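Guided by the hints, dock chains B and C onto chain A, whose structure is given.
Chains A, B and C, in that order, are what the protein sequence lines are.
Residue 1 is where the first sequence starts when you use the numbering used here, and the numbers rise one by one after that.
Residue 317 is where the second sequence starts when you use the numbering used here, and the numbers rise one by one after that.
Residue 719 is where the third sequence starts when you use the numbering used here, and the numbers rise one by one after that.
To be clear, the hints were calculated from the coordinates, so they are not data collected in a lab.
Check each hint, because a few of them may be wrong.
[Said to hold, decoys possible] A few chain A residues facing chain C, derived, Cβ under 7 Å:
(1) I49
(2) L100
(3) Y104
(4) I108
(5) L250
(6) L257
(7) L285
(8) L286
(9) S289
(10) I293
(11) P300
(12) N301
[What the hints assert, rightly or not] Taking CB as the label site, the calculated pair distances span:
(13) A:F278 with B:D718: 34 to 42 Å
(14) C:L837 with B:E706: 42 to 50 Å
(15) B:E706 with C:V792: 32 to 40 Å
(16) A:I148 with B:N387: 56 to 64 Å
(17) B:N493 with C:L849: 32 to 40 Å
(18) B:D386 with A:S134: 39 to 47 Å
(19) C:V792 with A:R179: 50 to 58 Å
Being a predicted model, the structure only gives us computed values, none of them experimental.
A virtual CB, placed ideally from N, CA and C, is assigned to each residue, including glycine.
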Amino acid sequence: MIFFIGVFVLVPWLIEMSGRWDYYYTLTSVALLSIASAGVWLTFYIGRINIGQGAYALAGGYLSAVLVTQYEVSFWLTIPLAGLFCAVLSMLIGLPILRLKGVYFAMITLVLTEVAKLTALALPITNGAKGIVSIPLPGELSVFGMTIIPDFSTLENVKLAFYYLAVTLMVICFAGMYRLVNSRMGHLCRSLQQNEELASSIGVNITTLRITAYAISSFLGGVGGSIFVAISQSIYPTSFQVADSINFMLNVFVGGLGYVFGPMLGTVVIYFGWDLLFQTGKFQLLIYSSILILLMLTVPNGLLSLRLFKWNKEKK
Amino acid sequence: MFVNSFSKYAGLKASLMTAALALTSVHSPITLAANEVLKIGFVGVTSGPAASWGISNQRSMEAGAAIINDNGGVKIGSVTYDLEIVSFDDQKDPKRAIAGMEKMAQENIHYVVGPNVDDGAAAVRPVAEQNDIIYFPYAFPKSLYQKPASNAVLGMVANYQSGPAIYKFLKDNNGVNTVAFIAANESDPLTQRESGVAAAEALGLKVVSKTVTYQVDTTDFSPVIIPIVKLQPDLLVLSGVAPANAPQIIRSARELGFKGLISTETGQDAQVLQEGAGSLANGFISVGGASTPTIRTKNMEAFIARYTEMFGEYNDESNTKVYALEYIVETLKANPAAINNVDEFKKTMDTFSAPNQYLKGDQVLRYVGMSSFGQRRQLSIPLVVNVYNEGKFETLFIAEVD
Amino acid sequence: MSSENIVMEQVLVNGLYLGMQYALIALGLTLIFALMNVLNFAHGQLYVVGGFITYIIYGKLGLPFFVAIVASGVTLGLVGAVIEKFLFRPVIRKSVREESTMLLAAAIAFFLDAIILLLFGEKQRGVPKILDGVMNLDFVVIMPYDRILIAALAGSAVVTFILFMQYSKPGRAMRALAQDRIAAQLMGVNVDRYSMIGFALGAMLAGVAGGLLVSIVGVNSGIGGPVSIKAFMMVMIGGAGVISGAIAGGFILGMLESIGLTVLVAYGDLTYLVIFVSLMIFLSIRPQGLMGKPWG
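Isolated chain A (complex conformation) (with noise of 0.2 Å):
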């Protein structure tokens, strides 16, 4: 609950308070790739380390820039249509290669990233090379006539609607997640990641479960890229690549693989932490990447690790 207040009332007005409009989009996009890093924890959760959401999130991206700009769907529905075409997508591909493990898995969803650059770069329905450009803002949300969200484009403050979206997305998928993962199917989830063949034996039909994991982080990937795109009103080959399936790795590393929050907070540490650098010129990659390994040697198990956030132990 206080965290609720925080998001959507707190830091609005943190930021009115002191001028920093430029923290909208920096904590949007925070929102947007904790989602997507989200999904990526939720693969470790099962024992896979997941290189490849960059994948996802480059074709969730352009399933909603095709649907909007050639479509004319409206962008809303593009967000859980995206979800769903990389769910699917990942449903086929993760098929054959959730069979792998450890570095072979993480190798192959490294490929994977670079695949779907190369994919799109020469798909002519993502139109190749030039990227799809001058997307619309999204439009109105109506439902039986009623406006549920206005049209961004008469929106005064568009960086603060994106916002509130992203954030709301954010909170959405992460309550999702600390239900699952104190659910039936996390503590398979765990079992899966302690012991394969053990959980096997117990009667858990852990191929299902595996990619029933897989979709659905997928699924994370897909909608965080939608929404990108719609903020950058234009999707390139290059908008997802290999260096974001990594940093959403690292991410989730920072955070901590065993706490659900882990991510949210590995996001808001890597992303905001490379932002404050900012004034540090061109020491800024030396100071950061500096940071990053003393973390490592303080802290190896990630920031959640430390046991300042109790209230979350408690919980489990």
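Okay, now just chains B and C, sitting in the frame of chain A:
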């Protein structure tokens, strides 16, 4: 008319004021402080494999600003400003580029150079338009510069402008009939290849190969280049080639026995070519700005000296990148009201003209692009076509874009 | 373009040459993986550092090429030892899940990227050719002499490495370690010591590869990341943590690129898509690569 008389008046007033200032400060020779600060932004890639593009950009701006500040700043209207360059590394990620543009808006900056690539330039458009920022990308997609877009100004000569000029010259002077294209498998080079092919075909040249691509991380170009070497075209065009890749491609092609000409439409660095391909790069044709000693002025020499002093080594890519800051400052001088008002800037763009202080001759700085974009959204940078020879560039010909 | 124009011999020779250089790059990566189960994201950056050291010593100071290569190898060996002892070892000891080392490796990669850019600048660098001239066999096979020499040097480095692993005491200890860490420990192998030696050796191989190749393709500060990723692919093709696998993976990727680029030239942009998709299919069918054990 109003703009003109206003600026004249402002200039007069300003000079009176400096005179007054000079009188009052006779007794204190150190009068460094007290200039206001004018921030100009840069959003581009200054790390990773493409760092060369952004770094030469950023450093050009910093060297240019340092020269101006050393001379006591720049007087815009009645106020004298010191320039401060605010840089943001977008890591060649369009999402970061948006964040960078937001930072610029936060710093109340209205004039930003960059981004360096297509995807970044397209991604920052909404932010730039919402926050009244005029930005100067080094990216070629026409949609950025055509209506309804109005805040982007192309910072260099586009390849669909330089390409035809180069091909025509080589066709007329070197008897080039067949041409092959090679491009990195990335948005910018592929798009440039497409427009290059169209330009060559329009000139009646025979395009013998236009499908060879390479990954940006290629470390050995021999396998890539073999199919083209076997065809022996008269001209091999390296579309949108990164300065890091150019010497390697040239070296592989020559070692495998390629005899024809090699050209590109992007700026290159002589030192890089020298180290990477040595004399094999002789005859390589590329595009530059104030790039050879015969055509550059003393001011350009001073700029190069300053750049070298500040950063240890000059980069020839800056021969074209020296201009963006100059344009921003000169346009603001021409219309001081534009300093916080981009609409004034846009108005001035239609009529603006100033002498080109980096190039000998009577070329002027002005905004062009009518024939390519239907509005003046491009910096007129002299299209200087160079040929590399033993560690140095020599000027092949000079043309102008309209 | 028709296929008669393509001289297959040339394509094969190029593939072999490419494979040789890839194998050398992949060896160090696979060694580190075998010993410590660490996927070293910073491998490409180590390669770049090696390249720049040779650039400075041979290209700038004008000392003999051989001296420069040795300097690259030795420096990188030291760097590798330091990284293992002060970074990887404490993190591996403290972390619950061993994947955590991937973050450390990525952070080290960023760190080296930053240092390299600050020290050596943004430009592509190259050194004077070590040998002039081109071997030309009836225009069927064309190969510059310097490439032949580099391929030979790379080959001898690979052979030396294999002999070292087979017959020397540290080599045998490392192989034992790679096979079964706990068993090796019980048999009295000093795990800490040989992990450090192994990491140093892996880094040294990256440095030597960088030093050798700078004379052909040059080096620039941003190429580290892409080199790492390419090296991962070779290692996966051959089977992670298996030395012969890394060599095979290097040659296969080299051949795949060389042949693919020629055969698929008409489809241009699709060449790499085809290569990557086949790689994915291959790995799904044979997850452990060609010669790897299905551990991972």
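Regarding the hint that N301 of chain A lies at the interface with chain C, is the smallest CB-CB distance below 7 Å?
Interface hint status for N301 of chain A: holds (5 Å vs cutoff 7 Å).
That 32 to 40 Å hint for N493 of chain B and L849 of chain C (C-beta), does it hold up?
holds, 36 Å
L837 of chain C paired with E706 of chain B, Cβ distance criterion 42 to 50 Å
violated, 29 Å
Can we keep the P300 of chain A interface hint, with Cβ of chain C closer than 7 Å?
Holds, because the Cβ-Cβ distance from P300 of chain A to chain C comes to roughly 4 Å (cut-off 7 Å).
Status of the L285 of chain A interface restraint (C-beta, 7 Å, chain C):
holds, 4 Å
Hint check for V792 of chain C and E706 of chain B - Cβ pair distance inside 32 to 40 Å
Given a distance of about 36 Å, which is inside 32 to 40 Å, the answer is holds.
I148 of chain A paired with N387 of chain B, Cβ distance criterion 56 to 64 Å
At 59 Å between Cβs, range holds.
Would you check whether S289 of chain A satisfies its interface hint, that is, whether its CB is within less than 7 Å of any CB in chain C?
holds, 4 Å
A range of 39 to 47 Å was offered for this pair. Does it hold for the Cβ distance of D386 of chain B and S134 of chain A?
holds, 43 Å
Any CB of chain C closer than 7 Å to the CB of L286 of chain A?
holds, 4 Å
Falls inside 34 to 42 Å, the C-beta gap from F278 of chain A to D718 of chain B?
Taking Cβ atoms as reference, F278 of chain A and D718 of chain B lie about 39 Å apart, which means the hint holds.
Chain C contact restraint on L100 of chain A - CB to CB distance below 7 Å:
Hint on L100 of chain A: holds, closest Cβ of chain C at ~4 Å, below 7 Å.
In this structure, the one hint that does not hold is number 14.
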